[in-house]
Amino acid sequence: DVVLTQTPSILSATIGQSVSISCRSSQSLLDSDGNTYLYWFLQRPGQSPQRLIYLVSNLGSGVPNRFSGSGSGTDFTLKISGVEAEDLGVYYCMQATHAPWTFGGGTKLELK
Amino acid sequence: EVQLVETGGGLVQPGRSLKLSCVASGFTFNNYWMSWTRQAPGKGLEWVASITNSGGSTYYPDSVKGRFTISRDNAQNTLYLQMNSLRSEDTATYYCTRARGFAYWGQGTLVTVSS
Numbered sequence: 001d002v003v004l005t006q007t008p009s010i011l012s013a014t015i016g017q018s019v020s021i022s023c024r025s026s027q028s029l030l031d032s033d034g035n036t037y038l039y040w041f042l043q044r045p046g047q048s049p050q051r052l053i054y055l056v057s058n059l060g061s062g063v064p065n066r067f068s069g070s071g072s073g074t075d076f077t078l079k080i081s082g083v084e085a086e087d088l089g090v091y092y093c094m095q096a097t098h099a100p101w102t103f104g105g106g107t108k109l110e111l112k
Numbered sequence: 001e002v003q004l005v006e007t008g009g010g011l012v013q014p015g016r017s018l019k020l021s022c023v024a025s026g027f028t029f030n031n032y033w034m035s036w037t038r039q040a041p042g043k044g045l046e047w048v049a050s051i052t053n054s055g056g057s058t059y060y061p062d063s064v065k066g067r068f069t070i071s072r073d074n075a076q077n078t079l080y081l082q083m084n085s086l087r088s089e090d091t092a093t094y095y096c097t098r099a100r101g102f103a104y105w106g107q108g109t110l111v112t113v114s115s
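Quick mapping for you: the protein sequence lines, in order, are chains L and X.
Be aware that the first sequence starts at 1, since it is given in the numbering used here, and climbs by one per residue.
Be aware that the second sequence starts at 1, since it is given in the numbering used here, and climbs by one per residue.
With the rest of the complex left out, here is chain X:
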């Protein structure tokens, strides 16, 4: 059974950093691209970052480019999202997803950016 379990969310002040983790199981992790998608409270879905299966290439929308970094450790079956210079508009539930098919999503981890 495929499982994606996100951790690392919490309350953080504007301008500070936070690192999310997603542990994957039930499939061959290094065969798949992976992504992060977020959802602000009461709002729609927004793609945040993707990484190729080898980790050699990464992709971001302009809203987080230069502030967020996606990475992976294929030996540990773990996906990461390093979030720097956080803003109030980054407040959201962050989901780890197996890309490009998006068949599997984690339960999400809530990040709240507030002073």
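The shape of chain L in the complex, shown without the other chains:
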């Protein structure tokens, strides 16, 4: 199975600070169809996960453009350019290139 390793596990930030979360895969996530099925989600306390980024770098509908995704192969990054209070919660990366589809362990973003 593909293992996704997220770092850090806890991220403390102040409002307005820019932060990054890393997601490293145990194998390449480039599919034979040319797509890389790497997603980023935010789960706020008590809520269902919300998709932020799809196919590595595409911003989900209605997602603020302070969120951005980058990377290729096995190394991926989610960046938040200017944290806002509503961004607090747990961030997950997920791959759907290789079965079984797998999630990273999560990164909790909290206020410093």
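Among the hints, erroneous ones may be present.
Claimed, not checked - If the Cβ cut is set under 10 angstroms, some of the chain L residues that face chain X in the computed set are: (1) Ser61; (2) Pro100; (3) Phe103; (4) Leu109.
Simulated from the structure, these hints should not be mistaken for laboratory data.
Where a beta carbon is used, it is the ideal one built from N, C-alpha and C, also for glycine.
Given chain L, work out where chain X should sit, using these hints.
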């Protein structure tokens, strides 16, 4: 507006069965793969099952293969998850999601496996 509404969760004894349902609206259901994803209390997310838009193919991780069955009724815009031989480690909130994009998630239904 896309909506996914899960029902069917509850308390069940180990070894027993439970069937979850997810009613979809706001999109053409038979155009999309669908999936179930779960989250144990205080833990991370785990993909549980996926089904193609026609229902012709299904996929599972080893943790539930042979015990869980995903199915769909395209005429009723409904996704199902039949869970047999339930174990305590299956205790989780189960989310219905529209795959493969995962843009839409239901509110989840809690399944508790305990004697």
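Quick rundown of the hints versus the structure:
no.: 1; hint: Ser61; verdict: holds (7 angstroms)
no.: 2; hint: Pro100; verdict: holds (4 angstroms)
no.: 3; hint: Phe103; verdict: holds (4 angstroms)
no.: 4; hint: Leu109; verdict: violated (15 angstroms)
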